[in-house]
Each structure stands twice: as structure tokens, then as C-alpha cells.
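Undergrad: As a plain string of letters, each chain reads:
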Amino acid sequence: MSDTSSEYDSDIEAAIRGNHPALITYITAGDPSLEDTKAYVEALDRGGSDLIELGLPFSEPIAEGQTIQAAINRALAAGTTPEGFFELVEDLETEAPLLVMTYYNMILQYGSEPDVRPFVERAAEAGLSGIIVPDLPAEEADPLRDACDDNGLDLIFIIAPTTEGERLDAVMSRVSGFAYVQARLGTTGARANVSGATYDSLARLSKYDVPKAVGFGVSEGDHAAEIIEAGADGVIVGSALIDIIASSDDPSDAVDALEAKAAELKRGARRGAETLTDDPEDTPEPEQP
Amino acid sequence: MSDTSSEYDSDIEAAIRGNHPALITYITAGDPSLEDTKAYVEALDRGGSDLIELGLPFSEPIAEGQTIQAAINRALAAGTTPEGFFELVEDLETEAPLLVMTYYNMILQYGSEPDVRPFVERAAEAGLSGIIVPDLPAEEADPLRDACDDNGLDLIFIIAPTTEGERLDAVMSRVSGFAYVQARLGTTGARANVSGATYDSLARLSKYDVPKAVGFGVSEGDHAAEIIEAGADGVIVGSALIDIIASSDDPSDAVDALEAKAAELKRGARRGAETLTDDPEDTPEPEQP
Amino acid sequence: MSTERERDDEYESGGGTFGDYGGQYVPEALMPALQELEDAYERYVLENEDGFMDEFRDRMRDFGGRPTPLQRADRLSERYDREVYLKREDLLHGGAHKLNNALGQVLLAKYMGKERIIAETGAGQHGTATAMAAAHLDMPCEIYMGRTDVNRQRPNVYRMRMNGAEVNPVEAGSATLKEAINETMRDWATTVERTHYVIGSVVGPHPFPRMVRDFQAVIGEEIRDQIREKAGRLPDSVVACAGGGSNTMGTFHAFVPDEGVDLYAVEAGGSSLEIDEENGMAPNSATLSTGTDGVLHGAMTKLLQAGDGQIVESHSVSAGLDYAGVGPELSHLVDIGRVTPTNVDDDDALNGFHRLSRLEGIIPALESSHALGYLEEEHDELGDLVVVNVSGRGDKDLETVLEETEKRDLEAAPEIEVFDG
Amino acid sequence: MSTERERDDEYESGGGTFGDYGGQYVPEALMPALQELEDAYERYVLENEDGFMDEFRDRMRDFGGRPTPLQRADRLSERYDREVYLKREDLLHGGAHKLNNALGQVLLAKYMGKERIIAETGAGQHGTATAMAAAHLDMPCEIYMGRTDVNRQRPNVYRMRMNGAEVNPVEAGSATLKEAINETMRDWATTVERTHYVIGSVVGPHPFPRMVRDFQAVIGEEIRDQIREKAGRLPDSVVACAGGGSNTMGTFHAFVPDEGVDLYAVEAGGSSLEIDEENGMAPNSATLSTGTDGVLHGAMTKLLQAGDGQIVESHSVSAGLDYAGVGPELSHLVDIGRVTPTNVDDDDALNGFHRLSRLEGIIPALESSHALGYLEEEHDELGDLVVVNVSGRGDKDLETVLEETEKRDLEAAPEIEVFDG
Ligand SMILES: Cc1ncc(COP(=O)(O)O)c(C=O)c1O
Ligand SMILES: Cc1ncc(COP(=O)(O)O)c(C=O)c1O
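Taken in sequence, the protein lines are chains A, B, C and D. Using the UniProt record's numbering, you'd call the opening residue of the first sequence number 1 and step up by one each time. Using the UniProt record's numbering, you'd call the opening residue of the second sequence number 1 and step up by one each time. Using the UniProt record's numbering, you'd call the opening residue of the third sequence number 1 and step up by one each time. Using the UniProt record's numbering, you'd call the opening residue of the fourth sequence number 1 and step up by one each time.
Since the hints were derived computationally from the structure, they do not count as laboratory data. Being a predicted model, the structure only gives us computed values, none of them experimental. Careful: at least some of the hints might be erroneous.
As the list claims (entries may be wrong) - Now the in silico label distances, taken between C-beta atoms and shown as ranges:
1. 91/B - 292/C: 23 to 33 Å
2. 112/C - 415/D: 22 to 32 Å
3. 112/C - 384/D: 26 to 36 Å
Unchecked claim - Pulled from the structure, derived: some chain D residues nowhere near chain C, Cβ distances all over 12 Å:
4. 74
5. 166
6. 236
7. 259
8. 395
We put the beta carbon where it would ideally sit given N, CA and C, even for glycine.
Using the sequences and the hints given, assemble the complete structure.
TA: Here it is in C-alpha cells:
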């Protein structure tokens, strides 16, 4: 794993700011097996991911669309456990820092009593750089935030299209690592275009000096370009990668495709960044969904 | 048809008193066809019936057991109508006088308006001697009774095991022809023995000077004997005859069997009468049902 | 109750008749039981002897759920541009007005010292109500039901069995309600001394039509009070469906003396108003609208019959209206012009079902849907303030409605794609 | 309402928690909607702004059929040699207590200017109640229901469709309630600005557990008045089944301050109280009795979960109790000893079903049958005056009960020979 903590507050901030425009990739650990996940993560790393989110599967993934739900079901059916997950993380050798994405109950239940600390400590020990919890809004986050602070992990918050006004200030005041900008209302899942809400959100967030990465629906290099052009520091891609995994007849087939996809997305992001530098005045028109 | 009205009030009373102990037989007209019925009635007449009841089928035979219900259904399916019924009666040549047994709505609807008179007039014209209506209690019988009186027909009343006290007096005061003593509660249908209620009813009726004939369940010569021995003037048999008709492969097969059954029943009745004359003191023990 | 008797006398000849209708056309064996019942009816029901009516009312409140609401139907009122109120008998225990009568009779049987209850049922609503009442009052109970109905109304058979009643399938004839009544009468004629026959509507020999009406009359009595409270006056018209006519008479009875209140009895027009005499079939059960006078099941009344007096088989999409006779009191009220006989066909009834389900969130019985179909067709004739009796809920009718809706192009139906797999 | 708030404060830490339980564990996108809802709940429900609560109560009376009776169960009282009363929520429109909540929330959504209603349903009772309320209040409505439940609860699917609701089958996982909730949350996260999610029990993120409880609290408030009138005092114990716990909290809420009244929450013991962690299965849904603390569907509460935090699949013969979570307020009341958690197994519940059907003429929901099963088992512990909440009617359960009864030798079941052919 890389260690670039110098001018930045954390590995994660460094991974995004230092590699601008950043590519953040997500896959579900254990889909279809932890061994395969290892190969996939390394492929994503090679393809140019600057930060990698690994999903620890939970039986009730209320924030996920059908693609990631199916991945989680496959991972659970393969017997993926938190301990297996941490061992995978320990085993991984990537340039990009790693984040865990999971639901709050998985974090609470890791120790012998419901408590967030054992999970956070284990995550830090395994070499993870941060945590994202899709069912943990800022209001309920203090215990986990404290534990992350104590263990040098970032706790990533999601900014939704509905996050506005005072609440936006309150959430932004807690952000560490980067702000996960939810591109549209709804759940995760590859979409064919970039939502108009993305532009609104990025505009609303422009006054906050934190890295912003946009996820939910990004699936192609061209989306990545548009999003970066709209002012994001990074793009987050998940379902599009899982589609590749799910549609491979043989798990090992997916490795090259994942690497290629990551490269395409990274190229797209770079294209967006170049447009920005070429023509900084030209704000692109939001595309209608 | 015979005409024996001399010392008696009516053909019917004469048929019973004059032929003591009397056999009264019932079959459903039109089962399985009116032509067959003609042959059956003549067979019953030859076999020794002193009075013959012919059922005019009605779609809702609430007083009948399964045997007669089925006969009625066959007769209706064969298209038996009141007019066909009356033509059959006109066609018949029997020693025994004929009664029609039907439900009140059939009588009411015979004319163009709901009225009992057209039916009664047609019945008299066809040569019938009386009418039995199982769903017409004494309380509702005045219009039909008047019409019968005017046309020289007897209206037969049924005395049930539940007919007692003042009601019994009231009903008995209206009796003409004979009192139809219902041997047991329930519906028509052949039974294997004589009901205890028969003895009770005959005892209750002993003070009334009208002919009494017992029906509902009588099926064998021995029953006939017991009933006559118990003080009845006649026995009424229906379902046992219909069983013969229903079980014949060819309708014409039934003719001889019906004649033989009538003869058996008449012999049984005579046996009962002889016992009475032999040993007038000896009241038979009621058999337990 | 004495005022009610006086009122009755205005159109009852006394004894057991209503004008030319009514009477006791039953086998002799049943007459003593009818007299015993008449006596019990007068003492317990009319004179409240031993507090019978108090107990009845208490049980109908606590066990049955009375009073049922009178609800303003906001969206129907808007649709028809007049005030429409619904009497919610669908909320009564068991899901229909039937319990008013069943509980009354089973309780009366208990007061009379009877040991056993029998009843007929067609669709199963009266059978389930009787089985519930009998379980509640600890009386053994047997229900006769045509085999055809047993097969097509299985949930109601199960409900009766769960309440501990025996269900005796009747195989005769078309094996539906008419045959079930015949068979119950036969049982009664056999066991009359210890058994009470709970007739399911305002039909049968005296005193049933009056007694059943009196047990059901609470519907109209409540409506009178409720509409006065809610609308400040009596309604211009009251609409109820009519099969045998028990919800009908129950709804109308309190309004009979109010000449300003028009009373509409809506029968099942089925698929046509013509009778096929040849085959003994009526494709409707619009007895009041098209029937002729005759005697069926113990009473003189209007009937569906062939010219020679055979009773024909009625037909309606709604099993509970599917009967060739009707209560004698309704026949009389129609003859004297107090009740207007009307009917709507199967399609209109199905539309009525769907319309109430979608607009008001109430799934009505198919029987009651006839009253709602009439409301749609003739609302202009009904004045500014209309009460419709929703005699029961439609849970029992879902399968039928689905099947019948799929066959037709119904204006008010949702697109009901069935979820397969 | 102000006194209620004071009472709540005795055990609520304020905000959205009950002791350690409750909270708002939902995706960020939903938080503003929850805050909007909390605000609306406080204004309309707690402070009766714009007469919201008056309209709610009027509609529950006229449309819903409130008050429901409190009935003395004569034969159960005799059987158990103590006074047993039944609260008859089975008589509410739709056939269960669910309408109290559904109508309250749909009306609130209307006051909030929402344009669309969504809800999850398991057995279909909450879905049908919501569909009825939405039809009644003219709101478009979509219901999510697991494919397995769609297939086994077809009549409820039809009812929802008849009321004009869309029914969306959910194919994920075991395709039952848990998955339906997940999917409804996903819809909500997509459409939250114009859509209200009508959660079906006292579960989910704040303010749902409190709000649903307040809509259901009318059950216990009525019981208090009714038992005082009928028995002259408060009961010794109150018994209600618990799935999510809405009928439970609705029944208990008014009695929480009455220390002399024992409160029993009866859960589904299923076929065994053991969890099979390997396969992620609990053969029960006895969450309060056996669960551990965790977060599910937006709240911290007691759950059925494997040691690593995966939620297990619960099982019960009663679909409406078949849920791996429970309301956070109940978890708290159990922790502080105010509510006694208990459970009965499938057999006892089935016997409870049959017993009430046969002895009292009331066919209870299989959910409610658990409370009746507990009454049979532990009546000696319940004091002289017991109230049992009959949360719904069992018409929906007939097929299940038949099937399950045939597999077993149940003491209280009638001989149910099925009428074939
Ligand atoms: C709900 C409902 N309404 C009406 C009827 C028709 O009966 P009646 O005309 O006696 O009210 C029935 C009969 O089953 C019924 O179930
Ligand atoms: C009749 C009935 N009772 C109880 C329940 C359980 O829900 P709760 O525990 O929220 O009351 C249900 C759920 O469907 C139900 O239908």
C-alpha cells in the first residue's frame, strides 16, 4: 500500500488530491470468492484506481441497486465473513489505499458486545484507510467518528441531492477524507448518463474546501469526463465493475476487463480535467436525465 | 273408476272403509314417463290397491325424502306437465279411486291468475276423487277446501306426530276422506321398521271417527300388518314402490313387480286385521325404532 | 316495540300476512313449531321478556360491533354532486348484515330451550354468520349448502368448520341455495322438537319474515339517528340491494312511515330479464321487478316461476342475491307503491364493486354492489341526500370478480393482471 | 397530547430514542425527509394543527369503525375461571388494527403535501390497509411485497389491486417482508421529495416508532375506558401479540404508567427458539425473548442476527409476526422490566386459533392467536381480570391453518375433512 501522507490530512485525501482527477473503484469482497476479489482489486489498482472501496457484505443492503445487491448475495452465499474480509485486506498489495464500505450493524457486531471500536481497530490493523457506512447519517455517527479518529481512519460521509442548507453545513463540518457526492436520488447502479443533480450538488458544494468525488450511476469514461469537467475531484464507479464480474463465465476472465475498464475511466477523468484546463470558462450544460 | 258412494260421504271414504284394511299406494306421475305411469297404476290397481295417489311433480318437494325427490326429478326431466297429468288421469281405468298429491304452488298456478279453483275443477272433471297437499296446513286450507267442497273432492289432511291438543281438534274437524297419519317425523321414504310414533298417533286419534291411514316409511307386508293391528284403517306405501320403478332396467319390468308388491302389502294388511279379530285384547308392543 | 306493531298494522292484515303475501305454507309437522316460535317471538322479541332484547342488543354491540358507522362517501358525493352516505354493514362481525339475524335467532332458540341449530346457506354468508352465533352461544350447529356452492365458496365452508359447525353438502338439483333450503326444511321436519331452523332472510313461513325483519331493523334505526345527526334531516332516498330482502327490510323498516323518503330495492338483473321457461332458467333474480305471485318455501310472495308453477333457477353474478323468491313484506310494499323495485345487471354491479373499491377504499360485497350500480345509473332520481346500504364486504367475492372482470370490458375496473409464478 | 409527551419523557431520552434504542440509521438522502416528517408529526399529530387529529379520529370512526368493542369472552372466562375480555380489532375496516396506522400516515402525507404513497407488506395486511386508506384519501399508492408472499397471499394482492394500488413483487433474497422493506426504502430514497413511506409497524427510523404508536394508541385508550365501564377497574394484565409491535404498543401505551397492570408481549416461538447461524435461519421470530441489540431498518433495537451481524430469516406460521426485528420502544420496555416478553410456538398458536373460533365464534388472525395461545398456557399468572387484544381476523389465514392443522395432531382443532369434488 502506498504512503503519501505529507501535505494532506490522510492517505485518502492524498490519494484523491495527489492524483487529481481521481478514480475510485468499488467491488464487493467475496464476489464470487475472496481469492477472486484479490485478483480483481489488483487489476483495478493496475488499471489506475487511486482509491479502492471494498464492500463487506451485509444481508440488508438498503442503499444498493440490483447490481450490488446481487454481488452481495453471491458474496454471502460464498461464506464471506468480516474476518475473511480483513484477511483479504491484509493480503492485498496495492498502490491505492483501501476503504471498507459496509452497513452499520456489521460494524456494531464485530466485537463480543455491540460496539464500534473492535471493528475500527481491526480495520486499522489490517491496513484500511477509511470507512463508508451508507446507513449512518451524520446525526448517528459520533461514536464511529470518534473511534476512527482514534485509529487514524477517515469516516466518509455521503452528500445526497437532498442535503441542503444547515444540514449540509453540519454534515460538511464532519467530513474527512473526501465528500462522497451522491449523483442522484436512489440507489447505486450503472446509469446511461450523468444526472442533472450532479451539477446542482457540485455547485452547492463548491464553497467547501474538501475533495469531492461523485458516485451513483457512473459507468463510462465519458461520464467520468463530464463529472470532472463539472468540478469534481474524483469519480466513483462500482456497479459497472460488478457487471463485468457478474457477466464473466470464468472469474479469471474478469481480471483483464476490470483493468481495462479502470483505465478507460481514468482516461475519461483525465479528458475531463484537460477540458477544464483548456477552457476554464466553459461550464458544461447539465444533461437532462 | 269405481263409484261406491252410498253409505259413505265420498268415494275415498268408501274405498277405505269398504275395503278395510285398505291399501293406498303412491307413485309419481311421469316417472319415467306418463305411459309407464299408466301401466304402473293399473298394476297397482290389480295388485289390490284400494286408493291410488298420483304425484304431480313440483320442483321443490320439501316434504319428500330422497326416493320421491329423485322420482320427481325424473318426471320433470321427462317434461311432465299438469295438463299431461290430467290427461293421464282421464285415460286411466282403475277400480281404486285416484287422488292427486302435489304442492300448493302447482294448484295455485294452474289457471291464468293465482287461484285454486281452475285446478280443482279440472281435477274433478278428470275424475280425481281428492287432493293431498303436503305444504298446506289446515290454517291455510280454507280456499282450497271450499273449492274441493264445491267440486265434490276430498281434501286430505296430514296428521303429524306433532299434531296434538287443540290443533289436533282443529285439524280433525276439517278432515274429509281420511286422516293421513304421518308415521314419524321427517320426510317420506321406505324404512326398515314401524315407528313408535305410529302407535302414539293412532292412540291420540282413536277418539275421532274418521278413517285413518298410516304412511311415511311403510315398505313391507309385515309393517302393514303391524300398523293395521295397531288400529289403522289403511296403510299408505310410496317410496317402496318407487324403489321398484327406479331399480328396473326396463320400465316394463316394473309392472309385474309393482303388482306383486301391492299384493304383498294387501296380504300384510289383511294379516294385521285378522290378528285384530282373533285377539282383540292383544295390543301389540310398539317396536323401538 | 308497541309503536312498531301499530305501524305494522297499517299494512299487515294481522296474523302472518302482509296484504296478500306471507302465510304458513309448510308441512303439518312444522306447524306446532311455528306456533311455538310465534309465541316466543311475541314474548321475547316484541315484549322483551326476560330481557331478551337487552341481551340481544348487548351482544350485537360487544360481539357484533354495532352500531356500524354511517359514512359520508366524499368521492361519491363529489361524483354525483349530491350527498351520499354509506351504511357500513360490511364492518359487522362476519362481514355482512347477516349476523343481526343469525345472532337474534340463535339467542331466541336458546331462550326457547332448543338444543340444536340448523340453517341453509347459499354463498355461505348466512351459514358463517349462523356458525359464529352458534359457537358464541354454545349451540351445536349444522349448515346445509348445495354441493355447487360448497365447491365454489370453499373459504366460507372452512370458516363454518372452524367455528365448529357441520356442513352438509346437498347434492339434489342444481345443488345451490334453493335445494339447500329444501333440505334444511326436511331436517327440520324430522328434528323439529329440539331444533331451531335459522332462516337466513325475511322469507319462509310466518313468523320468520317479521322476526328476521325486526332483528335487522336496527340497520335503519341507526341510519335514522345517524343521518339526523350528520345531515340534520332524513334522506331523500334509501337504496339497498334485495335478494331475499333481509338487508333491504332491515334498512327500510324504520323509514316506511316516512313518506318523504323514497325506498329503492335493487335486485340482480343478471344478464337479462327474460325467463327461459323451457329450461326452467331465469338469467336474473329480479323477483320484485319481474316475478309473479305464488308460494315458495312457506310463504305467498313474488316468485320466478314458469307458467305451470315450477320454480325456475335464478342466476346472478352475486351468489347472495341468487334466489327465486323474495320476502313477502317487500312484495307487499312494492304492490302498494311504497318501495320501488329496480335492478341492475351483472356488468353494472361489477362496475359498482370496482368503483367503490377504488374511490372509497371499501371493497363491497357483490350483493351490495348492485345498490352502488344503481346509484351510478340513477343518481339523478335520488334527490340531494342519499343513503346506500353496504350490506357486506367483498372479500368473499374476489375470485368471482376477477374471473368475471377478465371476461368483460368494464369501465370502472383496474387493469388486473394476475401475478403468475 | 401534552400529558402523553410528559409520560413519554419518563423513559425516552428525547430525540428519537427509547433508552438505548431507536435512532435514525438511514441513508443520508432520507434524513431531510425524516426531519420534515418529524416536524409534521409534532405539529399535526402532537399539536393537532389544522385539526389533523380531529379529522383522523372522525375518519377512524366513520370509515374505520372505531371504537371497536371490548367483549367479555364468556366461554373463555369460564374455561380459565377468571374474567377474560377481548379487544375486537378484528372488526376494524380491513380486518386488523393496521388501518389505525395506515390511515393516520396517509392523512399526514396529505397534510404534508405529498403526492404518492408507498409501503411494504408481508402477509398483506398492512398493504391492504394502506391501499384502502390511499383509495379513501385519493392518493396514488404502490405496495412492495416479496414474490413469495405475493404467491401465498394472493387474496390480499387482489384486494390491494381492487383498491387501485400497484403491487410490486420483490424478487430478492427469500422474497418476503425483510426484502420488501429494503425495496421500499430504495424506492423512498429515489422519490423521497414527493413520496411518503407508510411504515407498517412501530419500527424504522425516528419518528416512525413514536408516530405509529400514537396512531395505534387508541386501542389501549379505548380499552381503559371500556374496562372501567364494564369491570369497574383496570385489568390485572393485558396481553398482545408482537411482530413489529404496533398492535402491542397500541394496546400497551395507555397502560405503561399503570404499574399495577402487567403487560405481556407474545411473540412467535415458531418451531424452536434456537437460531441456525450457519444457514442464517431462525425457526421463530421471538426477537424480544431471544434477540440481541443491533441496527436494522433504521433503528437500534433487538434483532435476530448471527454473531457476525447478518440478519437471519425469521419463521413463523403467522406471516404477520415473521420479522427479525421489533419496535425499539418495546425493546426498551422489556429491558426496564415494564413489558414481559413471552412466546408460544406454532402449535399453541394454532390451538389458540381453533379454540377462539369454536368457543367464541371469532376466527382470529394467526398473529392474534399467539396471544390466545399464551392465555391458555399461562392464564394462572394473569390475575383475575385479563384483556387480550384480538389484533385481526383470521379469514386471511384459513388456507394456512388448514394445511398446518392437517400436519399436526392439535388438541383444539375440529376434524377438518376437506370437501372434495
Ligand atoms: C352481503 C350480502 N348482502 C345481501 C345479501 C342478500 O340477502 P338479503 O336480500 O336477505 O339481504 C346477502 C346474502 O347472502 C349478502 O351476503
Ligand atoms: C392481525 C395482525 N396482528 C399483528 C400483526 C403484527 O404486527 P404488529 O406486531 O406490528 O402489531 C400483524 C401484521 O401483519 C397483523 O396482521
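Undergrad: Decide, hint by hint, whether the structure agrees.
TA: Hints, one by one, checked against the model:
no.	hint	in the structure
1	91/B - 292/C: 23 to 33 Å	holds (31 Å)
2	112/C - 415/D: 22 to 32 Å	holds (29 Å)
3	112/C - 384/D: 26 to 36 Å	holds (34 Å)
4	74	violated (8 Å)
5	166	violated (9 Å)
6	236	holds (20 Å)
7	259	holds (28 Å)
8	395	violated (6 Å)
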